[in-house]
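Here the protein sequences come in this chain order: X and U.
One point on numbering: in the UniProt record's numbering, the residue at position 231 of the first sequence is 231, and numbering is uninterrupted.
One point on numbering: in the UniProt record's numbering, the residue at position 312 of the second sequence is 312, and numbering is uninterrupted.
In case anyone wonders, no lab produced these hints; they're calculated from the structure.
You may find that some hints are simply not true.
As the list claims (entries may be wrong) - Some chain X residues close to chain U (C-beta under 8 angstroms, calculated; not the full set): (1) K3; (2) G268; (3) W270.
Where is the CB? At the ideal position from N, CA and C, for every residue including glycine.
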Amino acid sequence: WKKVLYERQPFPDNYVDQRFLEELRKNVHARQYRYRAVVFQSGAVVQQLCSVCVFALTWWYMDAGMLSPQGLFGAALVSSLLGYVLFDAVDGGAGRWASGRTRWADLKSTLVFIAFTYGFSPVLKTLTESISTDTIYAMSALMLLGHLIFFDYGANAAIVSSTLSLNMALFASVCLASRLPRSLHAFVMVTFAMQIFALWPMLQKKLKARTPRCYVGVTVLFALAALAGLATVSSVGAVLFASLLLAVSCLCPYCLIRLQLLKDNIHGPWDEAEIKEDLSRFL
Amino acid sequence: MEGGGPAAHSVCMVSDFFYPNMGGVESHVYQLSQCLIERGHKVLVVTHAYGHRKGVRYLTSGLKVYYLPLKVMYNQSTATTLFHSLPLLRYIFVRERVTIVHAHSSFSAMAHDALFHAKSMGLRTVFTDHSLFGFADVSSVLTNKLLTVSLCDTNHIICVSYTSKENTVLRAALDPRIVSVIPNAVDPTDFTPDPSRRDDSTITIVVVSRLVYRKGIDLLSGIIPELCQKYPELHFLVGGEGPKRIVLEEVRERYQLHDRVRLLGGLEHQDVRNVLVQGHIFLNTSLTEAFCMAIVEAASCGLQVVSTRVGGIPEVLPENLIILCEPSVKSLCDGLEKAIAQLRSGTLPSPETVHNEVKTFYTWRNVAERTEKVYDRVADEVVLPMKERLDRLMTHCGPVTGCIFAFFAVLNFLLLTFLRWMTPDSIIDVAIDATGPKGAWTKQYFFGKNRRVKEELPHS
Numbered sequence: 001w002k003k004v005l006y007e008r009q010p011f012p013d014n015y016v017d018q019r020f021l022e023e024l025r026k027n028v029h030a031r032q033y034r035y036r037a038v039v040f041q042s043g044a045v046v047q048q049l050c051s052v053c054v055f056a057l058t059w060w061y062m063d064a065g066m067l068s069p070q071g072l073f074g075a076a077l078v079s080s081l082l083g084y085v086l087f088d089a090v091d092g093g094a095g096r097w098a099s100g101r102t103r104w105a106d107l108k109s110t111l112v113f114i115a116f117t118y119g120f121s122p123v124l125k126t127l128t129e130s131i132s133t134d135t136i137y138a139m140s141a142l143m144l145l146g147h148l149i150f151f152d153y154g155a156n157a158a159i160v161s162s163t164l165s166l167n168m169a170l171f172a173s174v175c176l177a178s179r180l181p182r183s184l185h186a187f188v189m190v191t192f193a194m195q196i197f198a199l200w201p202m203l204q205k206k207l208k209a210r211t212p213r214c215y216v217g218v219t220v221l222f223a224l225a226a227l228a229g230l231a232t233v234s235s236v237g238a239v240l241f242a243s244l245l246l247a248v249s250c251l252c253p254y255c256l257i258r259l260q261l262l263k264d265n266i267h268g269p270w271d272e273a274e275i276k277e278d279l280s281r282f283l
Numbered sequence: 001m002e003g004g005g006p007a008a009h010s011v012c013m014v015s016d017f018f019y020p021n022m023g024g025v026e027s028h029v030y031q032l033s034q035c036l037i038e039r040g041h042k043v044l045v046v047t048h049a050y051g052h053r054k055g056v057r058y059l060t061s062g063l064k065v066y067y068l069p070l071k072v073m074y075n076q077s078t079a080t081t082l083f084h085s086l087p088l089l090r091y092i093f094v095r096e097r098v099t100i101v102h103a104h105s106s107f108s109a110m111a112h113d114a115l116f117h118a119k120s121m122g123l124r125t126v127f128t129d130h131s132l133f134g135f136a137d138v139s140s141v142l143t144n145k146l147l148t149v150s151l152c153d154t155n156h157i158i159c160v161s162y163t164s165k166e167n168t169v170l171r172a173a174l175d176p177r178i179v180s181v182i183p184n185a186v187d188p189t190d191f192t193p194d195p196s197r198r199d200d201s202t203i204t205i206v207v208v209s210r211l212v213y214r215k216g217i218d219l220l221s222g223i224i225p226e227l228c229q230k231y232p233e234l235h236f237l238v239g240g241e242g243p244k245r246i247v248l249e250e251v252r253e254r255y256q257l258h259d260r261v262r263l264l265g266g267l268e269h270q271d272v273r274n275v276l277v278q279g280h281i282f283l284n285t286s287l288t289e290a291f292c293m294a295i296v297e298a299a300s301c302g303l304q305v306v307s308t309r310v311g312g313i314p315e316v317l318p319e320n321l322i323i324l325c326e327p328s329v330k331s332l333c334d335g336l337e338k339a340i341a342q343l344r345s346g347t348l349p350s351p352e353t354v355h356n357e358v359k360t361f362y363t364w365r366n367v368a369e370r371t372e373k374v375y376d377r378v379a380d381e382v383v384l385p386m387k388e389r390l391d392r393l394m395t396h397c398g399p400v401t402g403c404i405f406a407f408f409a410v411l412n413f414l415l416l417t418f419l420r421w422m423t424p425d426s427i428i429d430v431a432i433d434a435t436g437p438k439g440a441w442t443k444q445y446f447f448g449k450n451r452r453v454k455e456e457l458p459h460s
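Assemble the whole structure, with the sequences as input and the hints as a guide.
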């Protein structure tokens, strides 16, 4: 028996040969994960959850009058400067050299951003006055959730969009800032949101690539800080948040690895061929 | 009706795809029906209405086609509710005394509906699968589940190639022994070589396919500039239409190849041969293909075939007639260069020799003969009674899907019982058998029964 159609063969049409399905392959592209590697990668999710938590906490403290805008602005400024130095120190300035961006350009964009936010903060303060506070809370929660969903955790998927993610976070920050007592509060809140949602993930990414050990330490410290902060507001919330973080960093990787064993992906000659070359060079 | 083997069957071909729509399934249904009629069976075709073409039509040899007024949803496939087509189909099955329902194409919702109803009515069922499907994405997971439901109690399945059989067996979790492999065919008299039509001062590569992603047109857009730069006497002739035409036009523009790359646009089936005979080499860049009629047609016209090694293509032609390549620009260019070198050195067999070899491979008569064997086999089998059918659905299709469709099967049966009570089978007229040499279609009989036949032919 031959697997050809052009010859008449002395077998019935429904003959099943020994070689039936011999070209079947299973789990060709399935990846074998290691638990520690997955836990390490889940750090990105933990970090982002903590960022959202810290942001919400900061707002809560400001709203309750327990944190002065001046204090927050000072602390944020110092940590930003630290982060800025660290950002270049981590890779010895290689990234800056590759991008060709000068320090003067950095300073200019910072000044422009701060000036504009400061100038518009009275507008931000009154922007959502006609909207009910409940709507603001609901919208902020939704936007922060969206931020977490669309954030670029390093996966190559269609749903990932860092622009959308950042925009949603900033929208949430503008919403929440407008409920604070004064326009200075609003200005500091939006600036802080920019730092924690735009600058902090950039530094994290670099840390993760260059000094993985340091990154793990930073993640753990950050998570503990967020938990401690949450504990001062609500102990139940802290417990729930702690269990969420544990689930994300320990339970989910375990599930992934267990479920990976059940993967049963079949491939064979019937699969649609993939064009692997880059054909855009012809156009 | 006599003379067609042990017993003549009354076969109803059901598919959403039939003429005036053009394509592989359409011509398969038509040619197979014609050859089965020739062998003495009664055959009718049921499809959905195409524009103004609705009602009953008669084609050559009295092949009766029902164009049913069912709503088209997507890509010429009708909507499925599993129930709404029952009254019409039941009427046809009873009226025409159908014994075997033969459904075509897994993309056709009507085909699956007809299988479902036929099983409720206790008719034998055969299904022909014309396409390959993957397993990875959500849409194929869902369609494969539906195929499992549809085929788990179908008597026999026909696939067009061994690869297609493996694919179908896996998709629908079938016993491979109830799946037969019967290839497609081409009419060799339609595809004869004519070396005088080609210009031997140049080398012409012909491509005839729909210009869509699945046919690998993106690969073609890489091959054209690569080879045209290397071989100044090379010409491309592209027949077909589709969304990827713009890519080829861009390539032609960019490399200034207007005199060497001709895009012919959509071709009628009868014009394909006239395009093919103008070339020396036929190129097929498909990314997936269950059988690929195009390469057989090209080989029948005496062209050297260069094709990607995907799906069932390696089974279709012997190695001396085809150059198989990997689906990449580089590999396909290498294959084409090999073909060009052979052509220049004159080592290619003459078109006439190739034609004579290919014409023995695939004929519709052979297909009909083998399909008839399937019908004979199916006619001896028992149709599962209701209880066993429900058991089969529930054990075979998974706990959730199985129970849902078992429930649908019960509803379908109740609806059928209601219809039988409304219009009993006994008061449904029996249609005049128009098909075949002995049918009402032949003139003598036609004039003899003039009055009654007229009623039968609202659109002649």
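Going through the hints against the structure:
{"no.": "1", "hint": "K3", "in the structure": "holds, 5 angstroms"}
{"no.": "2", "hint": "G268", "in the structure": "holds, 6 angstroms"}
{"no.": "3", "hint": "W270", "in the structure": "holds, 4 angstroms"}
Figure legend: structure checked against the earlier numbered hints; every hint is met.
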